[in-house]
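**Q** Residues per chain are reported as follows:
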Amino acid sequence: MSEKNKSDMLRAPFKLEYDYERSTGPIIGKFFEGLSNQQILGTKNGDNVYVPAAEFDPITYEHLSEFVELPETGTVKSFTWIDQPRKHHLINKPFAFALIQIDGATSSILHMITNCNESDIEVGSRVKVSWSEEKTETIKDISHFELINE
Amino acid sequence: MKDIYIIAYAQNPILADAKAANEVELIMPVVHEVFRQTGLSQKDIDFTCSGSCDYLQGAAFAFVEGLSAIQTNPPIKESHVEMDAAWALYECMLKISSGDTESALIYGFGRSSPGNLDSIISLQTDPYYLSPLWVDRISYAALQANTLLQHGTISHDEMYDAIVESMEFAKSNPNALVSNAPSKEEYVAEQKLSTPLNKFDVAPVSDGASAMIICTKDFAKNLNLDHVKINQVCHNIESSNIGTRDLSTSTSLLDLSTKLNLTNLSVDIAELHSQYSHEIVFLKKLLGLDNTSVNASGGPLSGNVMMAAGLDCIGKTYEYLKSKDVTNGLAHATSGPCLQQNMLLHMERVK
Numbered sequence: 011m012s013e014k015n016k017s018d019m020l021r022a023p024f025k026l027e028y029d030y031e032r033s034t035g036p037i038i039g040k041f042f043e044g045l046s047n048q049q050i051l052g053t054k055n056g057d058n059v060y061v062p063a064a065e066f067d068p069i070t071y072e073h074l075s076e077f078v079e080l081p082e083t084g085t086v087k088s089f090t091w092i093d094q095p096r097k098h099h100l101i102n103k104p105f106a107f108a109l110i111q112i113d114g115a116t117s118s119i120l121h122m123i124t125n126c127n128e129s130d131i132e133v134g135s136r137v138k139v140s141w142s143e144e145k146t147e148t149i150k151d152i153s154h155f156e157l158i159n160e
Numbered sequence: 005m006k007d008i009y010i011i012a013y014a015q016n017p018i019l020a021d022a023k024a025a026n027e028v029e030l031i032m033p034v035v036h037e038v039f040r041q042t043g044l045s046q047k048d049i050d051f052t053c054s055g056s057c058d059y060l061q062g063a064a065f066a067f068v069e070g071l072s073a074i075q076t077n078p079p080i081k082e083s084h085v086e087m088d089a090a091w092a093l094y095e096c097m098l099k100i101s102s103g104d105t106e107s108a109l110i111y112g113f114g115r116s117s118p119g120n121l122d123s124i125i126s127l128q129t130d131p132y133y134l135s136p137l138w139v140d141r142i143s144y145a146a147l148q149a150n151t152l153l154q155h156g157t158i159s160h161d162e163m164y165d166a167i168v169e170s171m172e173f174a175k176s177n178p179n180a181l182v183s184n185a186p187s188k189e190e191y192v193a194e195q196k197l198s199t200p201l202n203k204f205d206v207a208p209v210s211d212g213a214s215a216m217i218i219c220t221k222d223f224a225k226n227l228n229l230d231h232v233k234i235n236q237v238c239h240n241i242e243s244s245n246i247g248t249r250d251l252s253t254s255t256s257l258l259d260l261s262t263k264l265n266l267t268n269l270s271v272d273i274a275e276l277h278s279q280y281s282h283e284i285v286f287l288k289k290l291l292g293l294d295n296t297s298v299n300a301s302g303g304p305l306s307g308n309v310m311m312a313a314g315l316d317c318i319g320k321t322y323e324y325l326k327s328k329d330v331t332n333g334l335a336h337a338t339s340g341p342c343l344q345q346n347m348l349l350h351m352e353r354v355k
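Protein sequences, first through last, are from chains D and X.
Each residue of the first sequence is one higher than the one before, starting from 11 at the first, in the numbering used here.
Each residue of the second sequence is one higher than the one before, starting from 5 at the first, in the numbering used here.
Hints are computed from structural coordinates only; laboratory data are not their basis.
Treat the numbers as computed from the prediction; the structure is a model and nothing was measured.
Careful, some of the hints might be misleading.
Calculated lysine-lysine pairs in the BS3-like style (CA-CA distance at most 27 Å, straight line) [to be verified]:
| id | chain 1 | residue 1 | chain 2 | residue 2 |
| --- | --- | --- | --- | --- |
| 1 | X | K289 | X | K328 |
| 2 | X | K6 | X | K47 |
| 3 | X | K196 | D | K97 |
| 4 | X | K23 | D | K97 |
| 5 | X | K188 | X | K288 |
| 6 | D | K150 | D | K40 |
| 7 | D | K54 | D | K138 |
| 8 | X | K328 | X | K225 |
| 9 | D | K150 | D | K103 |
| 10 | X | K47 | X | K99 |
| 11 | D | K103 | X | K203 |
| 12 | X | K196 | D | K103 |
| 13 | D | K138 | D | K103 |
| 14 | D | K97 | X | K203 |
| 15 | X | K328 | X | K221 |
Distance ranges between label pairs, derived from CB positions [as the list claims (entries may be wrong)]:
| id | chain 1 | residue 1 | chain 2 | residue 2 | range |
| --- | --- | --- | --- | --- | --- |
| 16 | X | E69 | D | N102 | 47 to 55 Å |
| 17 | D | W141 | X | L258 | 33 to 41 Å |
| 18 | X | S252 | D | N47 | 33 to 41 Å |
| 19 | X | K326 | D | L157 | 50 to 58 Å |
| 20 | X | G156 | D | E128 | 15 to 23 Å |
| 21 | X | K188 | D | Q94 | 20 to 28 Å |
| 22 | D | D130 | X | I80 | 37 to 45 Å |
| 23 | X | S297 | D | E79 | 48 to 56 Å |
| 24 | X | T255 | D | G56 | 47 to 55 Å |
| 25 | D | D130 | X | N265 | 54 to 62 Å |
The following residues of chain X were derived to be distant from chain D, with all beta-carbon distances above 10 Å [said to hold, decoys possible]:
| id | residue |
| --- | --- |
| 26 | Q41 |
| 27 | D140 |
| 28 | L147 |
| 29 | E169 |
| 30 | K175 |
| 31 | N184 |
| 32 | S261 |
| 33 | K288 |
| 34 | D329 |
Where a beta carbon is used, it is the ideal one built from N, C-alpha and C, also for glycine.
Could you put together the complete structure from these sequences and hints?
**A** Pasting the structure below:
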């Protein structure tokens, strides 16, 4: 093919990627927006308050739309300690995955706890959010939780 | 539902690493084996359904490649579930019950060795709240194990005993991948992956495939293979929002056991899709299987092919009912973190 023919060829840019962003919708989106402002929001159904915000009641399947703001402290309901993090984990020092019930919520959020020893954590331990410096409107706006003494 | 019979089942010997063998080469032998057992061929099968996980192969629609293992010319009626093949069997049962299908071929396959199973399974969870945190499958299971230990539902000793019993059973299963139990000292000294679980508590990363043929009563009778009937099947799922679930019990399994009237069935043998030591202890207690022979194949702790292990529980139950003088079998399949989705089948040996 001559140089001239080459320049005559039709060309279009091609990016190998999904050219769209996934919307997180009005409930999860609002919860993430809250996180980016260092706010913990939950959705409410009667006496039940779900954190992270649930779009549907997990028992009755009702649509949820009422939000409440909750504090950034909570209680450990269950945890598993990882002394030697594996390569996909986000924290590369000993940490725990834990189910944490935010004060005022009736469900738990699954997140990480670090900057402590395994023997320091027990079911019932009190924890507080440690925010990520850079906010991305994702669950990772919470960097992790840390133990607190009250 | 119509009476549905299992008439054949085959499983590849479970491998730690199938090396150069691809999925097709794992599926072909088991499909040929179920045809050999029945004298049927693909043209006698009305409907085919498979179960696999595209994430394991690392490509969208990777399951389509699996079809190269079966004869698809002339064209066949076919489907796939991105789940354990136990749910492929469920789809086939619905298809037969709806009336336009007499026979169905089911196969499930998975090669977990090429990738990192922990992180791959993590990708299958909630993409907003869970998957970005890379919660691995062992840590999910560990959260439930700790909850059960905390509630006193299970004990560390029972977890160890469950491993020993599984490995003892696995010694007589020629397809088992592992059959050696650690000594109590080794078990206690072993580094925990995610407390309280160490590598002995976790089913091994496995490669393999399994296949099964089911059909209507008349179809089975004509082949003189009407030995094992699926009396009842039901499945149920709990919320994907793990923080709203009560991990100290299983609401889905309690519901299924009521639907199956399990307390009034005298179950002789059961195969549970228990991928962790604590799940064996927990499920036995929850389902009231104290007087039942459980996981006589060694269960998933002796080999756990992703997307086939649930079908294997059904297949192993079928094999025992066919060959031993017992009547009632219970098979369990599960999917998702902490036994999120469950299926129970009551199977009966027909005299």
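**Q** Is the distance from the Cβ of E69/X to the Cβ of N102/D consistent with 47 to 55 Å?
**A** Violated - the Cβ-Cβ distance for E69/X and N102/D, about 36 Å, lies outside 47 to 55 Å.
**Q** Confirm or reject the statement that L147/X sits farther than 10 Å, beta carbon to beta carbon, from all of chain D.
**A** violated (5 Å)
**Q** Could you grab the alpha-carbon distance between K103/D and K203/X and see if it respects the 27 Å cut-off?
**A** holds (20 Å)
**Q** Just want to verify: E169/X was marked as not at the interface with chain D; is every Cβ pair farther apart than 10 Å?
**A** At roughly 24 Å from the nearest Cβ of chain D, E169/X sits farther out than 10 Å, so the non-interface label holds.
**Q** Is K196/X within 27 Å of K103/D, Cα to Cα?
**A** holds (15 Å)
**Q** K97/D and K203/X were given as a pair; does the straight-line alpha-carbon distance stay at or below 27 Å?
**A** holds (17 Å)
**Q** Could you check that no beta carbon of chain D comes within 10 Å of the beta carbon of D329/X?
**A** holds (44 Å)
**Q** Assuming the hint says 15 to 23 Å, is it satisfied by the Cβ distance from G156/X to E128/D or not?
**A** holds (21 Å)
**Q** Does N184/X really sit off the interface, with its C-beta more than 10 Å from all C-beta atoms of chain D?
**A** holds (24 Å)
**Q** Regarding the pair K328/X and K225/X, is the alpha-carbon distance no greater than 27 Å?
**A** The given pair, whose Cα atoms are some 20 Å apart, holds under the 27 Å limit.
**Q** Within 54 to 62 Å or not, the Cβ separation of D130/D and N265/X?
**A** violated (47 Å)
**Q** How does the Cβ-Cβ distance of D130/D and I80/X compare with 37 to 45 Å: does it lie in that range?
**A** violated (60 Å)
This entry does not satisfy hints 16, 22, 24, 25, 27, 28, going by the numbered hints stated previously.
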